[in-house]
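So the protein lines, in turn, are chains A and B. Each residue of the first sequence is one higher than the last, beginning at 62 in this note's numbering. Each residue of the second sequence is one higher than the last, beginning at 58 in this note's numbering.
Don't read these hints as lab results, they were simulated from the structure. Glycine residues also receive a C-beta, built at the ideal position from the N, C-alpha and C atoms. Keep in mind that the hints are not guaranteed to be accurate.
[As the list claims (entries may be wrong)] Partial selection, computed: residues in chain B whose CB lies under 10 Å from chain A:
1. Q94
2. F102
3. F104
4. L138
5. G157
6. S162
[Stated by the list, open to error] Simulated restraints, written as ranges between beta carbons of each label pair:
7. S89/A x N134/B: 32 to 38 Å
8. P100/A x L140/B: 23 to 29 Å
9. I69/B x G153/A: 26 to 32 Å
Chain by chain, the residues:
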Amino acid sequence: GIQVEQSPPDLILQEGANSTLRCNFSDSVNNLQWFHQNPWGQLINLFYIPSGTKQNGRLSATTVATERYSLLYISSSQTTDSGVYFCAVFTGTASKLTFGTGTRLQVTL
Amino acid sequence: KAGVTQTPRYLIKTRGQQVTLSCSPISGHRSVSWYQQTPGQGLQFLFEYFSETQRNKGNFPGRFSGRQFSNSRSEMNVSTLELGDSALYLCASRWDSSGGYTFGSGTRLTVV
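All chains, full assembly: derive it from the sequences and hints.
Next comes the structure, spelled out in structure tokens:
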């Protein structure tokens, strides 16, 4: 099945810093989503981005489907950005979301 | 509009018991999927239902089952609970075969 790798696995930032999270996938995908898991466990959808670039406030994402990777940019990070960020891909053959192992982000004062 | 609602939020069960978890999707969403999250295995797909039919199933033993009702609400059942079933169970809905998934807050199951 498709493999999804995320890097880095852990990231510690000071408030105000910028960061880039990466997601590599091993096969063609129909859809790709970025999620933020909050401390209570809920997966919050950040972007539905099978290709191209999207922006939402301080967050933006770019997926280059032909090269099989996606990037999540966080600018001017805040403590509320802390948590685990997951990339998940959907393929027609698997007909399910396959998740990466996540990037654990900690933003300190 | 209301999001995906999962009940209960927390559950403690004893080995050998069975448990039923509930998921109400976003109004109008016909697809409901279930995922299990554990520290060791990460997020793993359990099954997906669409219009009351199971469309896809993950690699879990037969003790894990589910169903979907005509109003798109879904339940999953785990029989003969084992300690390893302790996990966060997440439900997600989407409108149809395309589009993004929206997840609920999850049910945290502890088996003692």
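Here's how the hints hold up against the structure:
1. Because the smallest distance between the Cβ of Q94/B and any Cβ of chain A comes to about 8 Å, under 10 Å, the interface hint for this residue holds.
2. Satisfaction of the interface hint for F102/B is found here, the shortest Cβ-Cβ separation to chain A being roughly 4 Å, below the 10 Å cut-off.
3. Below 10 Å, beta-carbon pairs count as interface contacts, and F104/B has one with chain A at about 9 Å; its hint therefore holds.
4. Annotation: interface hint on L138/B violated; nearest CB of chain A at approximately 20 Å, more than 10 Å.
5. The closest approach between the C-beta of G157/B and any C-beta of chain A is roughly 4 Å, which is under the 10 Å cut-off, so the hint is satisfied.
6. Satisfaction of the interface hint for S162/B is found here, the shortest Cβ-Cβ separation to chain A being roughly 4 Å, below the 10 Å cut-off.
7. Distance hint for S89/A and N134/B: a CB-CB separation of about 35 Å, consistent with the stated range 32 to 38 Å.
8. Separated by about 24 Å at the C-beta atoms, P100/A and L140/B satisfy the suggested range of 23 to 29 Å.
9. Separated by about 39 Å at the C-beta atoms, I69/B and G153/A break the suggested range of 26 to 32 Å.
Checked against the numbered hints given earlier, this structure breaks hints 4, 9; the rest are met.
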